[in-house]
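The whole structure should be built from the sequences, with the hints applied where relevant.
Numbering (the working numbering) for the sequence shown: 4 to 242.
A portion of the hints provided could be inaccurate.
To be verified - List time: in silico DMTMM-like cross-link candidates among lysine to aspartate or glutamate, alpha-carbon distance up to 25 Å:
hint : residue 1 : residue 2
1    : K81       : D34
2    : K81       : D161
3    : K81       : E7
4    : K112      : D223
5    : K112      : E87
6    : K81       : D97
7    : K35       : E87
8    : K35       : E53
9    : K81       : E25
10   : K116      : D159
11   : K81       : E33
12   : K116      : E25
13   : K81       : D159
To be verified - FRET-style restraints, in silico, Cβ to Cβ:
hint : residue 1 : residue 2 : range
14   : N173      : N113      : 16 to 22 Å
15   : W182      : C230      : 20 to 26 Å
16   : D164      : E109      : 46 to 52 Å
Everything labelled a hint here was simulated from the structure, so no lab data went into it.
Glycine residues also receive a C-beta, built at the ideal position from the N, C-alpha and C atoms.
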Amino acid sequence: MMQEIYQRGPIACGIAVTQAMENYTSGIFEDKTGDVDVVHEVSLVGYGEENGTPFWLVRNSWGTHWGEQGFMKLVRGKNNLAIETDCAWATPTDTWSNKETHITTEEEKNDPKNNITMETPSENFLGSHFKGCRRANKSARAEFTVPKPTVNAWDDLDIGDLPANWDWRNMNGTNYLSWTKNQHIPVYCGSCWAQGTTSALADRFNIMLGDMSTTPVALDAQVMVNCINGNSCEGGDPG
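In structure tokens:
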């Protein structure tokens, strides 16, 4: 995770949510309940160490009023809140300098993974606050496979060669991150799975573009929520 963040940019990770996390305001957070039930999605934009305690730098999608302006330091190396269990990332590609387009094939159109039927959200889910963000739909998720990273995805550095602190918000004075969102404005929307992933990928476009762009890239989570398996703000399908 540190290698990926350092060499290519922020990543999206599943996380458990506790009452203490919801009430987090500052400092390095460490859950004491042992909760590892992944129900939420965030992005990790860096890592560091403070007073001898290593931490992940977490960006949430609950607005800047939460935590440290929308961010949290979460203890690193203990799989606290299951943060080191379920992470994903993608590498952006420039398809516009030399225009490249993809024509959807009949095989892709007929892919059985497109035929997931959304179930009606339960009353318990609809009554939830933060914990209803990510719906557990094991049968649907099982149809998706995660490709193995290519051999040359990044240089395989020794952990000791990585910087002790890395923060994509301030790289030699440059902030490469897209803005911090609040998925619950103007109304509650269980869309963390779309917020965390689009934010991390937008950051990676900003990193790739470097000084070529004067306007930070942001990707529209609403498109994902509205399209196919998202369907609504009632949790959607993380797969």
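Here's how the hints hold up against the structure:
no.: 1; hint: K81 with D34; verdict: holds (10 Å)
no.: 2; hint: K81 with D161; verdict: holds (20 Å)
no.: 3; hint: K81 with E7; verdict: holds (18 Å)
no.: 4; hint: K112 with D223; verdict: holds (23 Å)
no.: 5; hint: K112 with E87; verdict: violated (34 Å)
no.: 6; hint: K81 with D97; verdict: violated (36 Å)
no.: 7; hint: K35 with E87; verdict: holds (16 Å)
no.: 8; hint: K35 with E53; verdict: holds (19 Å)
no.: 9; hint: K81 with E25; verdict: holds (20 Å)
no.: 10; hint: K116 with D159; verdict: violated (34 Å)
no.: 11; hint: K81 with E33; verdict: holds (9 Å)
no.: 12; hint: K116 with E25; verdict: violated (34 Å)
no.: 13; hint: K81 with D159; verdict: holds (22 Å)
no.: 14; hint: N173 with N113: 16 to 22 Å; verdict: violated (47 Å)
no.: 15; hint: W182 with C230: 20 to 26 Å; verdict: holds (22 Å)
no.: 16; hint: D164 with E109: 46 to 52 Å; verdict: holds (47 Å)
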